[in-house]
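There are 2 protein chains.
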Amino acid sequence: MTITGEAFIGGARERGGAGSFKAWDPTLRDYLEPSFHMVTPEQIDRACRLAGEAFDVFRATSNEERAHFLDTVAEQILAIGDELIERAMLESGLPRVRLEGERMRTVNQLRMFGTLLREGSWLDARLDTPLPERTPPRPDLRMRMIGLGPVAVFAASNFPLAFSVAGGDTASAFAAGCPVVLKAHSAHPGTSELVARAVTRAVQECELPAGVFALLTGTGKGIGQALVGHPAIQAVGFTGSRSGGTALMAVAAARKQPIPVYAEMSSINPVFLMPHALERRAAEIGKGFAASLTLGVGQFCTNPGLVLAVDGPGLSDFCAAATEALQATQAAVMLSQGIADSYHKGVAALAGNEAVSTLARLEHEEGKGAAALFRTSAEDFLARHELHEEVFGPASVLVVCRDAGQMRQVAEALEGQLTATLQIEREDYAEAKALLPVLERKVGRILANGYPTGVEVSTAMVHGGPFPSTADGRSTSVGTGAINRFLRPVCYQNLPDELLPEALRDGNPLAIWRRRDGALTRD
Amino acid sequence: MTITGEAFIGGARERGGAGSFKAWDPTLRDYLEPSFHMVTPEQIDRACRLAGEAFDVFRATSNEERAHFLDTVAEQILAIGDELIERAMLESGLPRVRLEGERMRTVNQLRMFGTLLREGSWLDARLDTPLPERTPPRPDLRMRMIGLGPVAVFAASNFPLAFSVAGGDTASAFAAGCPVVLKAHSAHPGTSELVARAVTRAVQECELPAGVFALLTGTGKGIGQALVGHPAIQAVGFTGSRSGGTALMAVAAARKQPIPVYAEMSSINPVFLMPHALERRAAEIGKGFAASLTLGVGQFCTNPGLVLAVDGPGLSDFCAAATEALQATQAAVMLSQGIADSYHKGVAALAGNEAVSTLARLEHEEGKGAAALFRTSAEDFLARHELHEEVFGPASVLVVCRDAGQMRQVAEALEGQLTATLQIEREDYAEAKALLPVLERKVGRILANGYPTGVEVSTAMVHGGPFPSTADGRSTSVGTGAINRFLRPVCYQNLPDELLPEALRDGNPLAIWRRRDGALTRD
Numbered sequence: 001m002t003i004t005g006e007a008f009i010g011g012a013r014e015r016g017g018a019g020s021f022k023a024w025d026p027t028l029r030d031y032l033e034p035s036f037h038m039v040t041p042e043q044i045d046r047a048c049r050l051a052g053e054a055f056d057v058f059r060a061t062s063n064e065e066r067a068h069f070l071d072t073v074a075e076q077i078l079a080i081g082d083e084l085i086e087r088a089m090l091e092s093g094l095p096r097v098r099l100e101g102e103r104m105r106t107v108n109q110l111r112m113f114g115t116l117l118r119e120g121s122w123l124d125a126r127l128d129t130p131l132p133e134r135t136p137p138r139p140d141l142r143m144r145m146i147g148l149g150p151v152a153v154f155a156a157s158n159f160p161l162a163f164s165v166a167g168g169d170t171a172s173a174f175a176a177g178c179p180v181v182l183k184a185h186s187a188h189p190g191t192s193e194l195v196a197r198a199v200t201r202a203v204q205e206c207e208l209p210a211g212v213f214a215l216l217t218g219t220g221k222g223i224g225q226a227l228v229g230h231p232a233i234q235a236v237g238f239t240g241s242r243s244g245g246t247a248l249m250a251v252a253a254a255r256k257q258p259i260p261v262y263a264e265m266s267s268i269n270p271v272f273l274m275p276h277a278l279e280r281r282a283a284e285i286g287k288g289f290a291a292s293l294t295l296g297v298g299q300f301c302t303n304p305g306l307v308l309a310v311d312g313p314g315l316s317d318f319c320a321a322a323t324e325a326l327q328a329t330q331a332a333v334m335l336s337q338g339i340a341d342s343y344h345k346g347v348a349a350l351a352g353n354e355a356v357s358t359l360a361r362l363e364h365e366e367g368k369g370a371a372a373l374f375r376t377s378a379e380d381f382l383a384r385h386e387l388h389e390e391v392f393g394p395a396s397v398l399v400v401c402r403d404a405g406q407m408r409q410v411a412e413a414l415e416g417q418l419t420a421t422l423q424i425e426r427e428d429y430a431e432a433k434a435l436l437p438v439l440e441r442k443v444g445r446i447l448a449n450g451y452p453t454g455v456e457v458s459t460a461m462v463h464g465g466p467f468p469s470t471a472d473g474r475s476t477s478v479g480t481g482a483i484n485r486f487l488r489p490v491c492y493q494n495l496p497d498e499l500l501p502e503a504l505r506d507g508n509p510l511a512i513w514r515r516r517d518g519a520l521t522r523d
Numbered sequence: 001m002t003i004t005g006e007a008f009i010g011g012a013r014e015r016g017g018a019g020s021f022k023a024w025d026p027t028l029r030d031y032l033e034p035s036f037h038m039v040t041p042e043q044i045d046r047a048c049r050l051a052g053e054a055f056d057v058f059r060a061t062s063n064e065e066r067a068h069f070l071d072t073v074a075e076q077i078l079a080i081g082d083e084l085i086e087r088a089m090l091e092s093g094l095p096r097v098r099l100e101g102e103r104m105r106t107v108n109q110l111r112m113f114g115t116l117l118r119e120g121s122w123l124d125a126r127l128d129t130p131l132p133e134r135t136p137p138r139p140d141l142r143m144r145m146i147g148l149g150p151v152a153v154f155a156a157s158n159f160p161l162a163f164s165v166a167g168g169d170t171a172s173a174f175a176a177g178c179p180v181v182l183k184a185h186s187a188h189p190g191t192s193e194l195v196a197r198a199v200t201r202a203v204q205e206c207e208l209p210a211g212v213f214a215l216l217t218g219t220g221k222g223i224g225q226a227l228v229g230h231p232a233i234q235a236v237g238f239t240g241s242r243s244g245g246t247a248l249m250a251v252a253a254a255r256k257q258p259i260p261v262y263a264e265m266s267s268i269n270p271v272f273l274m275p276h277a278l279e280r281r282a283a284e285i286g287k288g289f290a291a292s293l294t295l296g297v298g299q300f301c302t303n304p305g306l307v308l309a310v311d312g313p314g315l316s317d318f319c320a321a322a323t324e325a326l327q328a329t330q331a332a333v334m335l336s337q338g339i340a341d342s343y344h345k346g347v348a349a350l351a352g353n354e355a356v357s358t359l360a361r362l363e364h365e366e367g368k369g370a371a372a373l374f375r376t377s378a379e380d381f382l383a384r385h386e387l388h389e390e391v392f393g394p395a396s397v398l399v400v401c402r403d404a405g406q407m408r409q410v411a412e413a414l415e416g417q418l419t420a421t422l423q424i425e426r427e428d429y430a431e432a433k434a435l436l437p438v439l440e441r442k443v444g445r446i447l448a449n450g451y452p453t454g455v456e457v458s459t460a461m462v463h464g465g466p467f468p469s470t471a472d473g474r475s476t477s478v479g480t481g482a483i484n485r486f487l488r489p490v491c492y493q494n495l496p497d498e499l500l501p502e503a504l505r506d507g508n509p510l511a512i513w514r515r516r517d518g519a520l521t522r523d
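Going down the list, the sequences are from chains A and B.
Heads up, the first sequence is in the numbering used here, so the first residue is 1 and it goes up one at a time.
Heads up, the second sequence is in the numbering used here, so the first residue is 1 and it goes up one at a time.
A portion of the hints provided could be inaccurate.
Identical copies look the same in the list; a pair holds intra-copy or inter-copy alike.
[To be verified] Below, computed lysine-lysine pairings styled on DSSO-like, alpha-carbon distance capped at 27 Å:
| hint | residue 1 | residue 2 |
| --- | --- | --- |
| 1 | K221 | K256 |
| 2 | K256 | K433 |
| 3 | K345 | K433 |
| 4 | K256 | K345 |
| 5 | K256 | K287 |
| 6 | K22 | K433 |
| 7 | K287 | K22 |
| 8 | K287 | K221 |
No lab work stands behind these hints, which were simulated from the structure alone.
All of these numbers come straight from a predicted model, not from anything done at the bench.
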């Protein structure tokens, strides 16, 4: 296959009409061929209008048809073969094994949404029995979920497959019956093009309207703002920086018709070292923490950028073990020059902060991420908001607290987070119980005796959390729950059976779980 | 009992410190005693902070405890007795029978949420079985919903009981475990005070933290803006005007931490007269429509402010029947002087619109709503946005279309609505099928052969719809689904059983429906 640098609009390749750019190889530090072409406002508008026109047909497909489409997208991605992995390696600097794993994750999550569709309870079908004899009579009421409409998806830089063209946002939007207009990330446009071709082939093979999917290529903020502002777009999925996410939230809120934005933005994922765990497992935790911090050069949304410990037995052992483990790592290529530059700047600011001491800091190398660990006191952390900000990469801050009460006070002062982790022993449970209500208010996922990196794609996963970890803490962007972001309820009152959607008809022809007068039933 | 004109903060009466106002009797056109006192910024802040402090304790109550609390609120409302009905009649001008019915609705919906809590599947509990042998191992993941935090609720003018102090927003927020800071509507402050006392007694009887509920009294926009802007507030429920709702949306979006707003604002609830129904039942539909239009002096969010018909047999009979029925009505007292003035202004603007002809118009009377029906063409309706705007009261516009295609075109041009109604016969089903996908995108509830006024409180009801009918079309403010507005998911990874919430523990101690690896089970 050949990468041509084109966008996909209306099921066909189309050259962007507004200038060109090239991908960057962060390992060799050079531009990659070919040139990619930026789409024009007219092309953005057309992609959105086609998505709007495709919506009614797409959402009218059966659960089985959409599941088959998702399976076909997965097959087409696998059919690209090794070219996909090689191009993604070039564009991201990520190792083969990671990208092969990420491809499997991408394929599995497409199939997971297929399974969800076939099971059918995502429709939240509800039927209230009419009571014609009551005064006033109760009508026949039935409800089911439908898709919101075309979704603008912004691919992430740090998952060129699993949070990109056919990643979790796209899969969950498709599952909900929503067409997707995808803004490719300019750091991996070739990878995006290959996957976009796979999706386009699946659209064709399944005989869906061509407007169900479009890939827009380009750099800068203009495309995203035009996309989110377009009247046909009804929701936004985004993974990226806090500034990028909040800018899109502002555009969405300022529209004539405001729309929901699901932006996953910024999290420092506090790890709480409870006293008995620290005393008993300080060295082990230090090593485990360092491994999680440096995994993938720290380029995960769930990277543990904050550690809290009560001063006491084990703390110095933890510091020693973590420092030793970090110093044994090597600076490694980051996803893009921009990310590497921001990381270096963030680390330098921490090192220069008068309230902070440096426990470990590898030497800076251009374009690479060098691990770093800093230390501060709870008082200083509480007083300095700059210490609460995410530094995207393998850097973390240890906050030393006087006691468990002060640890809770720090937790209470945190902004919203994707995760919080507890290192606990049985003797810590009482303190943990006091801390848990605070954490439940602050984060989407609470872990015990593990590390936050590694986000399982499953039914119970929550990859989300209160602002600013995401734009909308009512949601998850990973796992089956992600479909709920793109759904809304519609109620039908006294509609004749033949005008009702199949999910709500008498006799339950889809054989799905439904609620009758509130009670779950498959009858 | 005596109405004292005070607010309720921290479980105690407290005189507002910022000036006073009186309620207005729209029937006698005079002020009512006593004076009510407006709360100060300090009082607003204190109410919100107490709500924040009460949240963890309140949400930790069991399903049964919160259900009992809701039942107790219901009992306490009934215990007020006739004083409540009499004061509400004075303040709203609504008749006794309507208010007695509304009280029953209010009590029933509190109890309905109690039943929902006892059933337990609102928790959306999910458990994923750990796979320790897999590479990488799958952790133990469990998820449940928790409340968002304190909710600011703005009482509606048009339902002094069912959408007010202990109305649907408050009941669903309480059910979700969220404290409520309630802004009383200045049109019925005495009614609000009586119900606030009932809620406060229930809080005391159930030994809940006093911050679970507060009633703020006052007029103007300042209180609402301070309330929505307060950092402790995590969501907003509002029923009122489009300008009021969008102003609160702007405050919520501009916060340091943006929060969700559920504002129910503006809807003209189109009624589609399909050709065969019109031909066969023109007179009956004309009468039924006029009755729905004038019910409660047209002061319902679901009032049918728009009728669409294809020019043809029956149209003139419909117009004659509707006109005759409307002319047989009488102008009646509206809820407030402001509503009556706005209505009169809206009707006068329609009557003066050069694209509109007047079919029926009762004579204006000060403070009253006089029914009116206007007629325009589809072309004019499409060209003039002012004809799409809600006129709150018993006025409607008939839009005459050339054919079914043009009717669909008008439907496509509508803003988001709470409801759409189809008058259909079997021979209209084909046309209805073509129209339904458009309506599903535009509205929250689709009715056949009925009228949109009358909103059942049940499991399958959707009282919501795309913007601007509500701020957030993903939700309903009536029925059990209303609880979902105030919930968010939290996931627990590898937490020891004794640290897990009861809903997620091994052995299912609450005996609720849960999902294990995606499949619903009660085991």
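Is it within, between, both, or neither for K256 and K433, if the alpha carbons may be no more than 27 Å apart?
-> For K256 and K433, the Cα distance exceeds 27 Å both inside one copy (46 Å) and across copies (29 Å).
Checking K345 and K433: alpha-carbon separation at most 27 Å within a copy, between copies, both or neither?
-> For K345 and K433, neither the intra-copy (38 Å) nor the inter-copy (59 Å) Cα distance is at most 27 Å.
State whether the alpha carbon distance between K287 and K22 is at most 27 Å within one copy, between copies, both, or neither.
-> Neither: 39 Å inside a copy, 68 Å across copies.
Given a CA cutoff of 27 Å, do K221 and K256 count as a within-copy pair, a between-copy pair, both, or neither?
-> Both. Shortest intra-copy (20 Å) and inter-copy (22 Å) distances satisfy the 27 Å Cα cut-off.
When no copy is named, should K256 and K287 be tagged within, between, both, or neither for a Cα gap of at most 27 Å?
-> neither (52 Å within a copy, 37 Å between copies)
Check K22 against K433 for me: Cα-Cα at most 27 Å, and say if that holds within a copy, between copies, both or neither.
-> So K22 and K433 fail the 27 Å test inside a copy (52 Å) and across (49 Å) alike.
Within a copy, between copies, both or neither: where do K287 and K221 come within 27 Å Cα-Cα?
-> neither (40 Å within a copy, 56 Å between copies)
How would you classify K256 and K345 at a CA-CA limit of 27 Å: within, between, both, or neither?
-> between (39 Å within a copy, 25 Å between copies)
Consistency note: the structure conflicts with the earlier hints numbered 2, 3, 5, 6, 7 and 8.
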